[in-house]
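In the numbering used here, the protein residues as written are 294 to 521.
Possibly wrong hints are sitting among the right ones.
Stated by the list, open to error - Beta-carbon label-pair distances, calculated as ranges:
1. Leu325 x Leu521: 22 to 28 Å
2. Ser402 x Gln489: 22 to 28 Å
3. Ser474 x Arg401: 28 to 34 Å
4. Asp349 x Ser314: 29 to 35 Å
5. Arg452 x Ala518: 25 to 31 Å
6. His510 x Arg401: 30 to 36 Å
These are calculated hints, taken from the structure and not from any lab test.
Idealized CB from N, CA, C, for every residue including glycine.
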Amino acid sequence: MKSLQITQWAEEDRPREKMKSKGVSALTDAELLAILLRSGTVNSNAVEVAQQILADCECSLIELSHKQLRDLQLYEGVGETKAMSIIAALELGRRRRVSEAVKRKIIRSSADVYDYIQDKMSDLDCEEMWVITLKSNHQVQDKFFVSRGSVRAVPVDVRWIFRQMLQRNAMAFVLCHNHPSDELVPSQQDIQLTRQISQAASLLEIQMLDHLIVGSHTYFSFKDAGML
294 MKSLQITQWA EEDRPREKMK SKGVSALTDA ELLAILLRSG TVNSNAVEVA
344 QQILADCECS LIELSHKQLR DLQLYEGVGE TKAMSIIAAL ELGRRRRVSE
394 AVKRKIIRSS ADVYDYIQDK MSDLDCEEMW VITLKSNHQV QDKFFVSRGS
444 VRAVPVDVRW IFRQMLQRNA MAFVLCHNHP SDELVPSQQD IQLTRQISQA
494 ASLLEIQMLD HLIVGSHTYF SFKDAGML
């Protein structure tokens, strides 16, 4: 049986009109998704297509966010452009959550640092170095990529690191790099670099809170080990 097109619905029930009159929070997930789809098929309106997509994701937006373009294009009426719109909207939502987490995050311990950075660093195949910059109350301000190296080492330009921190007006920072081997004992190079950066930070009156070596399931903290 052919469904009623949304234009045949009572005006107050149409997703776009409902958003205008009642606000975006009044819409269901399916109605929001239908707005992204814009149109349905010959036999199903946009809301019904959206409901089917969500049903296949167990009504979970997290599951929906794992869908690839090819997955969404399996649904009748969902071409590449519509699939891209859905993926882009979900990515914007993810980035908003990350931004909100950054605003709230205050570093009180090495565990807080690891919790903040592990998703970005724990599963890398080669070494990378990142710096987390902090405000005076140790609230996360920003993070920036320093460099990428081999499985065993990463090149570091100390002057460039501090130039980035001064541009951000950072009051404190945490240095982070990963060991893909999961061997978290610091190398002599790690120890020397930590001392070098700590001394430079002291001269510039920027507090170096810690240096973390990140592994896939745990970490090594120079501060916790009494090495900073």
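These are the hints, each one checked on the structure:
1. Leu325 x Leu521: 22 to 28 Å: violated, 48 Å
2. Ser402 x Gln489: 22 to 28 Å: Cβ of Ser402 to Cβ of Gln489: about 24 Å, so the range 22 to 28 Å holds.
3. Ser474 x Arg401: 28 to 34 Å: Check passed, 29 Å falls within 28 to 34 Å.
4. Asp349 x Ser314: 29 to 35 Å: holds, 30 Å
5. Arg452 x Ala518: 25 to 31 Å: holds, 27 Å
6. His510 x Arg401: 30 to 36 Å: violated, 21 Å
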